[in-house]
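Asks: These are the residues of each chain, in order.
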Amino acid sequence: MALKIPRHEMPCQEPAVRAHNFDEVALGYTEEMAVEEAKRCLQCKKPTCRSGCPVEVLIPDFIKQVAEGDFLAAAVTLKEKNSLPAICGRVCPQETQCESRCILGKKGEPVAIGRLERFVADYEIKFGESHGEKPAPTGKKVAIIGGGPSGLACAGDLAKSGHGVTVFEALHVAGGVLMYGIPQFRLPKEIVQTEINNLKEMGVEIRTNEVVGKITSVDELMASGGYDAVFIGTGAGLPYFMGIPGENLLGVYSANEFLTRTNLMKGYKFPEYATPIKVGKKVAVLGAGNVAMDGARTALRLGAEEVSIVYRRSREEMPARAEEAHHAEEEGINFRLLTNPVALHGDEKGWVKSMTCLRYELGEPDASGRRSPVPIPGSEFELEVDTVVVAIGQGPNPLVTKSTPGLELNRRGNIVADPETLATSKAGVFAGGDIVTGAATVILAMGAGKKAAASINAYLNGENRSH
Amino acid sequence: MHLYQVVKRRQLAPAIVLFEVEAPRVAAKVKPGQFVIVRMDEKSERIPLTVMDFNRERGTITIVVQDVGYSSCMINNLQEGSSFLDFVGPLGVPSDIENYGTVVCMGGGLGIAPIYPIARALREAGNHVISILGARTADLLILREEMAAVSDEVVIVTDDGSLGTKGYHSTGLDQILAQGHKVEVIWAIGPMVMMRAVARYTKTLGIKTIVSMNPIMVDGTGMCGACRVKVGEETKFACVDGPEFDGHLVDFELAMQRLAFYKDEENRAKAHGACGQEGGH
Ligand SMILES: Cc1cc2nc3c(=O)[nH]c(=O)nc-3n(C[C@H](O)[C@H](O)[C@H](O)COP(=O)(O)OP(=O)(O)OC[C@H]3O[C@@H](n4cnc5c(N)ncnc54)[C@H](O)[C@@H]3O)c2cc1C
Ligand SMILES: Cc1cc2nc3c(=O)[nH]c(=O)nc-3n(C[C@H](O)[C@H](O)[C@H](O)COP(=O)(O)OP(=O)(O)OC[C@H]3O[C@@H](n4cnc5c(N)ncnc54)[C@H](O)[C@@H]3O)c2cc1C
Ligand code: SF4
Ligand code: SF4
Ligand code: FES
Numbered sequence: 001m002a003l004k005i006p007r008h009e010m011p012c013q014e015p016a017v018r019a020h021n022f023d024e025v026a027l028g029y030t031e032e033m034a035v036e037e038a039k040r041c042l043q044c045k046k047p048t049c050r051s052g053c054p055v056e057v058l059i060p061d062f063i064k065q066v067a068e069g070d071f072l073a074a075a076v077t078l079k080e081k082n083s084l085p086a087i088c089g090r091v092c093p094q095e096t097q098c099e100s101r102c103i104l105g106k107k108g109e110p111v112a113i114g115r116l117e118r119f120v121a122d123y124e125i126k127f128g129e130s131h132g133e134k135p136a137p138t139g140k141k142v143a144i145i146g147g148g149p150s151g152l153a154c155a156g157d158l159a160k161s162g163h164g165v166t167v168f169e170a171l172h173v174a175g176g177v178l179m180y181g182i183p184q185f186r187l188p189k190e191i192v193q194t195e196i197n198n199l200k201e202m203g204v205e206i207r208t209n210e211v212v213g214k215i216t217s218v219d220e221l222m223a224s225g226g227y228d229a230v231f232i233g234t235g236a237g238l239p240y241f242m243g244i245p246g247e248n249l250l251g252v253y254s255a256n257e258f259l260t261r262t263n264l265m266k267g268y269k270f271p272e273y274a275t276p277i278k279v280g281k282k283v284a285v286l287g288a289g290n291v292a293m294d295g296a297r298t299a300l301r302l303g304a305e306e307v308s309i310v311y312r313r314s315r316e317e318m319p320a321r322a323e324e325a326h327h328a329e330e331e332g333i334n335f336r337l338l339t340n341p342v343a344l345h346g347d348e349k350g351w352v353k354s355m356t357c358l359r360y361e362l363g364e365p366d367a368s369g370r371r372s373p374v375p376i377p378g379s380e381f382e383l384e385v386d387t388v389v390v391a392i393g394q395g396p397n398p399l400v401t402k403s404t405p406g407l408e409l410n411r412r413g414n415i416v417a418d419p420e421t422l423a424t425s426k427a428g429v430f431a432g433g434d435i436v437t438g439a440a441t442v443i444l445a446m447g448a449g450k451k452a453a454a455s456i457n458a459y460l461n462g463e464n465r466s467h
Numbered sequence: 001m002h003l004y005q006v007v008k009r010r011q012l013a014p015a016i017v018l019f020e021v022e023a024p025r026v027a028a029k030v031k032p033g034q035f036v037i038v039r040m041d042e043k044s045e046r047i048p049l050t051v052m053d054f055n056r057e058r059g060t061i062t063i064v065v066q067d068v069g070y071s072s073c074m075i076n077n078l079q080e081g082s083s084f085l086d087f088v089g090p091l092g093v094p095s096d097i098e099n100y101g102t103v104v105c106m107g108g109g110l111g112i113a114p115i116y117p118i119a120r121a122l123r124e125a126g127n128h129v130i131s132i133l134g135a136r137t138a139d140l141l142i143l144r145e146e147m148a149a150v151s152d153e154v155v156i157v158t159d160d161g162s163l164g165t166k167g168y169h170s171t172g173l174d175q176i177l178a179q180g181h182k183v184e185v186i187w188a189i190g191p192m193v194m195m196r197a198v199a200r201y202t203k204t205l206g207i208k209t210i211v212s213m214n215p216i217m218v219d220g221t222g223m224c225g226a227c228r229v230k231v232g233e234e235t236k237f238a239c240v241d242g243p244e245f246d247g248h249l250v251d252f253e254l255a256m257q258r259l260a261f262y263k264d265e266e267n268r269a270k271a272h273g274a275c276g277q278e279g280g281h
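As given, the protein sequences belong to chains D and U, one line each in that order.
As numbered in full-length UniProt numbering, residues 1 to 467 make up the first sequence, in order.
As numbered in full-length UniProt numbering, residues 1 to 281 make up the second sequence, in order.
Quick caveat, the hints were computed from the structure, so don't treat them as lab data.
Heads up, some of the hints might be wrong.
[Stated by the list, open to error] If you anchor each label on the Cβ, the simulated ranges turn out as follows:
1) D:Glu205 with U:Arg268: 33 to 43 angstroms
2) D:Ala223 with U:Glu234: 32 to 42 angstroms
3) U:Arg268 with D:Asn334: 24 to 34 angstroms
4) U:Asn55 with D:Lys134: 31 to 41 angstroms
5) D:Leu27 with U:Pro94: 47 to 57 angstroms
6) D:Gly226 with U:Glu184: 38 to 48 angstroms
7) U:Asn267 with D:Gly243: 32 to 42 angstroms
8) U:Glu234 with D:Gln43: 55 to 65 angstroms
9) U:Ala138 with D:Glu201: 50 to 60 angstroms
10) D:Pro377 with U:Ile176: 53 to 63 angstroms
11) U:Asn99 with D:Gly243: 31 to 41 angstroms
12) U:His181 with D:Lys200: 55 to 65 angstroms
13) U:Leu249 with D:Asp366: 29 to 39 angstroms
14) D:Ser379 with U:Asp160: 51 to 61 angstroms
[Said to hold, decoys possible] Here are the computed lysine-lysine pairs in the BS3-like style, where the Cα-Cα straight-line distance is at most 27 angstroms:
15) D:Lys269 with U:Lys43
16) U:Lys203 with U:Lys236
17) U:Lys43 with D:Lys278
Note that this is a predicted model, so its numbers are computed, not measured.
Glycine residues also receive a C-beta, built at the ideal position from the N, C-alpha and C atoms.
Extracted from the complex, chain U is given alone in its bound form (with noise of 0.2 angstroms):
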């Protein structure tokens, strides 16, 4: 039957691996801000994985994956040559890319890698893109090269102040602001806390932010309601109304607690199939 097979294996952080995967299919449609769910075998969950990057000439999909436990692990675990048994996409609405003017383009640790076809577009559109990448410590600070070439100014903060600027996606923000830009839309994905803060703000500086949700999910089609995501008064599935959405309406401290759903399960998963143990690394 299909075959979604590895085709390159880089490592990017201890814990941080991207995989250029052929799927043809998903491929050809794909745009940025979509998602793919894979399965490695009969026996896994369904995993969703924004798309980091699409090559439709060689039919291919590349993902990037943080082994956070059991599943994520286990596919971090995968070689070149090994496959995938399922990969479904892409699913959720694509990012709404046109000419803004100047955006921010925000990733925090992973979210680095989703941010980056989003980058990408945006300036192919005509926008003018600063980005502001953050991580923890210089050594989790993912796919810069990447993102200095598709970015026409790059920002570096960590936490620790190993790499950049120390301190967070708003110290950035304030440096661009500083310097005299007029920011139309900011994009920001990145750990829950850091959407939750960045869009804190934003929301006093009044400038559109936009954020990608990551529940829980299973089937990504519309059809569980375990992504739902409350946005305003409105419940929405993630899955088919997102990922995006306006973080400014976003009740992020629900989505924050319904991501610790299964944590009793999720650390027998990792007890029993002993995958993902050292934690953080």
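With the rest of the complex left out, here is chain D (with noise of 0.2 angstroms):
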């Protein structure tokens, strides 16, 4: 019987109009499609769906709420394994994860769990009472470099343990990548400060402006500034260049400082917000992740005519979640697949003006399993642009961890950490998020903060868990 319904689509703006505005792409489901959609899952006595989420959310729990049309209920359900549900609904990757595992995925569609994670806790924003009691104060303080995903679920899980808790943050708001990459017509920056004044009804501090590294190190907030313990939750915030000639042509943008100025600065709205951002005729965004795909639907909607994904690799093998790549290609980017640029020329004042291409043909599996792109001798040609995004990547940034004597890291720059406790060389000092991983998921960060604030816990209460 469950098999019959067709797993529920859910209502989105029109290609064509969404391409000219900010506002979010996805409407989320009415109440009767999600109790529709949640009829669809066939409550398994062992649920694979949960093996596939990296936080285990009670998938078949939450749904059977749903189900039941008891929402603030299945929130609650969602919120014991997940702090960010409204985030994680929209951003997680669910084909790779929680839905891939879904039985009904075998013979047809698995159930839409993300848009039911999403549905619940737009519900529980709008309806919810919040749960404001405070827990006793232990009288620990502790310290989160960073207000991201990874910081701000640490930030909250110490909190209701009842730790104080600081959360030290280098820009003028908290969120990370989720207020400055992540755009508004994906992730409303609203439902992003929900979660943080919750954080801050719970009595979680956030320092905005406080660049740890600067004004402060971890070394000093532990020595005089009363610290039992720091969690560095820095993310992975350096863009990495392709070091190909004429990089630095004026039109050529880091993803990074192209999202920024849009999202976090709300160039998108110059002048009346006085950050400019600006944007050619003819874009070319280098890469094909979330990055890239964010990338390049800011530029068709600050007004770009053509806007290009330059990706080196296939179509399979292009890392942006599913429901990304196909929305970019409703709104009309254009795929140049197996293409690679090898120079960036400019004109006589300096603006990028073209890109020199090469073509590459799948040779055979590399060590990650794919099969590595092989650049085809002689296939160079000319890509007319005037705007170019690189979004290839970005690395750990290396403020915090310079001014920490003591930190062990790996030869890419990131932070060690047990994976099991999130301990660092340094005791007291616990890691989590991309600052660890390199640039990973919103859902993995989320995971690795609650994991740190669980052995952080353990740490204050004397139990050595940490080394």
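Dock chain to chain to rebuild the complex, using the hints, since each chain is given by itself in its own frame.
Replies: Structure below.
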């Protein structure tokens, strides 16, 4: 019976309309749709879906509550494992995580777990009551460095345990990539701020405008700041460039700059907001991950006429969430696959005007199991461009790590942390999220924050789990 | 929340204003050569400004701002008692202060403000500090008394000869060298054209020259790459690797080009916001 109900599509803005505005693309399920979709779940005794979720959300349990129409109870169930469901429901790569393991997916389409998660979380934001009860203070203090999903999740769990928690955030708002990177049309900033306000209500102090490594340091926080433990969740915020000629030409942006100007600084509302963003007519975005899709779709919304994703592998290897690639294509983004630039060229005033590219073909699988791209000799061609957005990846920002003696790093500059406890080589210092794993996902960062909170709790209670 | 209140405002020249701002945590840590990033309100840009002075006891930072466009004009309209919404710092790598012997500190126009704490620190470290202060004309030559108080000698040059020697910083340097001084290091801060001219000249003389780059920035923490400058064969991020670099290695042409990135938008901002209309005053 259940198999016969087809998976419910989520209503979206029409591609031709949404390509010109910054409003959210996906509109979310109605109550009826959510209940109907929830009824598709077989309530498996051994729910394989859960093993696909990095934090093992109690998927069948919350879905059952949705099917019964008890949305607020479903929210409580969700939040047992996931502190940011409104966000994860929107940005998790469900097709490779929870939904990839749903039994219904074997023969037909999996339960739309992510969409249900989003629905429940949004419902709770609208109709739920805040649970502002504060636990008895333990008198212990923890400093969290970085206000991204890892830091926020860690702060939330520690505050629930009664510790005094301060988040140190370099930018003028907390949220990390959720605020400066992921665009409004995919993750409304109001949702992120709701989560942050909840933390504040729980007593978490958020100190924006404080760059650790400059205004203070990990050692100082622990020695004279009165903090008993520190969690480092500074992310992977350092943009990589390709290292090809012409990358400093005018019109060449890192995706971080392009997205930060637009999202964090609201450049799309320039000149009402004073930070400018400039986009030309012909835009090339280098890379094919979520960051690249966001860059391409942002360029389109800022008025570009022709936007291309330029990627050296094929469609199958594209790391972006399936939904984003699909939405991008619907909006009219070109996919120039098996193509890679080797040089950028500028005009006499230094503005980028074209890009020499090479065509590729897929060769033998490499160490990662993916077929590696091999350049085709003599296949050079020129692509006319006036804006280039480089989205080929980010590394760890060294401001904190360099200013913290005794902190073990790997050769890429990521912090080495025990996979079980997230303890670092320095006593009392824990780390998680992209600064440990390299650029990954929101749910992994959030999960790491929760895991670290549990270890920090144990550490503060004198259970020596950290070493 | 935080209040970064303006406790003192002083007009130094027609379009140049000095502000002393309450920011105790920044004041406790800042060193010469570092900068802050400020925002006035929710809709403002993040504007980088070099620290001109700091008072650790009072918990204040002093900045000097030149009206060159919309945001700097808005800042310069702030009065005593009003506040900045955001005030991030200290950012960037501090100047490399040690006892070199004889050093020359060159400030051009507004660049006299950022050279001030560097000159003072160099003098405190035991150097013989000779300052060369330059401006287009006498009216625009700021902070003369302050610089005299932290220098062993001061040479003044103006483009039009209305004060001191008529000429450029190189003219002043020639004078000093003619007096027999052996100059170990030069700090040169000012407009890009001035720093480029100085660096070209001192390269021929073989005197190490440090310049402070002011590219367009957004975050100031190494996250966006807007501030990239070419130094030798390497691309550096001025906000975290600088802002000071070896002037003999900086690609000034590229740096000057990159400053023009948002020319059209800057004009639109001015037209929209009706601040900074008059231009050069
Ligand atoms: C454009 C873009 C789109 C993405 N899309 C998706 C998606 O669809 N789905 C998904 O799952 N993942 C996506 N990701 C990845 C995901 O956002 C990250 O994996 C996640 O945000 C990592 O969380 P974090 O807490 O480790 O770090 P971040 O989110 O990077 O937060 C780190 C925070 O630390 C602050 N900080 C850094 N240094 C300091 C310092 N010295 N002092 C104080 N504060 C500091 C930063 O300002 C920042 O606020 C995307 C990433 C980007 C850039
Ligand atoms: C590290 C650093 C330290 C600085 N210190 C000071 C300081 O102590 N006092 C001060 O008055 N200014 C300083 N600046 C420059 C200041 O940030 C700019 O003048 C300001 O951002 C211009 O904004 P605007 O909206 O007023 O002008 P806009 O309309 O944006 O620009 C007007 C013109 O100024 C130039 N410009 C734009 N952005 C910058 C920039 N970031 N740096 C230099 N020129 C720019 C461009 O040529 C542009 O055409 C510093 C810049 C940096 C990067
Ligand atoms: S958190 Fe992400 S992976 Fe886990 S159930 Fe929710 S959407 Fe799926
Ligand atoms: S595997 Fe699919 S059908 Fe089974 S419990 Fe999970 S979501 Fe429901
Ligand atoms: S200002 Fe963004 S990296 Fe320097």
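Asks: Hint by hint, note whether the structure agrees.
Replies: Results of checking the hints against the structure:
Taking 33 to 43 angstroms as the suggested C-beta distance range, the pair Glu205 (chain D) and Arg268 (chain U) conforms, at roughly 39 angstroms. About 35 angstroms separates the C-beta atoms of Ala223 (chain D) and Glu234 (chain U), a value consistent with the hinted range of 32 to 42 angstroms. Evaluation of the 24 to 34 angstroms hint for Arg268 (chain U) and Asn334 (chain D) yields a pass: the beta carbon distance comes to about 29 angstroms. Taking 31 to 41 angstroms as the suggested C-beta distance range, the pair Asn55 (chain U) and Lys134 (chain D) conforms, at roughly 38 angstroms.
Range check, Leu27 (chain D) to Pro94 (chain U): Cβ separation about 51 angstroms, and the 47 to 57 angstroms hint holds. At about 44 angstroms, the CB distance of Gly226 (chain D) to Glu184 (chain U) agrees with the hint of 38 to 48 angstroms. A C-beta distance of roughly 34 angstroms is found between Asn267 (chain U) and Gly243 (chain D), which places it inside the suggested range of 32 to 42 angstroms. Between Glu234 (chain U) and Gln43 (chain D), the C-beta spacing of about 59 angstroms keeps the proposed range 55 to 65 angstroms intact.
Take Ala138 (chain U) and Glu201 (chain D): their Cβ atoms lie about 58 angstroms apart, and the range 50 to 60 angstroms holds. Restraint check, Pro377 (chain D) to Ile176 (chain U): a C-beta distance of roughly 59 angstroms satisfies the suggested window 53 to 63 angstroms. Checked against the given bound of 31 to 41 angstroms, the beta carbons of Asn99 (chain U) and Gly243 (chain D), roughly 39 angstroms apart, stay inside it. Remark: the range hint 55 to 65 angstroms for His181 (chain U) to Lys200 (chain D) is upheld by a beta-carbon distance near 59 angstroms.
Taking the beta carbon of each, Leu249 (chain U) and Asp366 (chain D) are about 38 angstroms apart, inside 29 to 39 angstroms as hinted. Distance hint for Ser379 (chain D) and Asp160 (chain U): a CB-CB separation of about 59 angstroms, consistent with the stated range 51 to 61 angstroms. A distance of roughly 10 angstroms separates the Cα atoms of Lys269 (chain D) and Lys43 (chain U); the hinted pair therefore holds under the 27 angstroms criterion. Only pairs whose Cα atoms come within 27 angstroms are accepted, and Lys203 (chain U) paired with Lys236 (chain U) is accepted, the gap being roughly 21 angstroms.
With a C-alpha separation of about 18 angstroms, the suggested pair Lys43 (chain U) and Lys278 (chain D) falls inside the 27 angstroms cut-off, and the hint holds.
Checked against the numbered hints given earlier, this structure breaks none of them.
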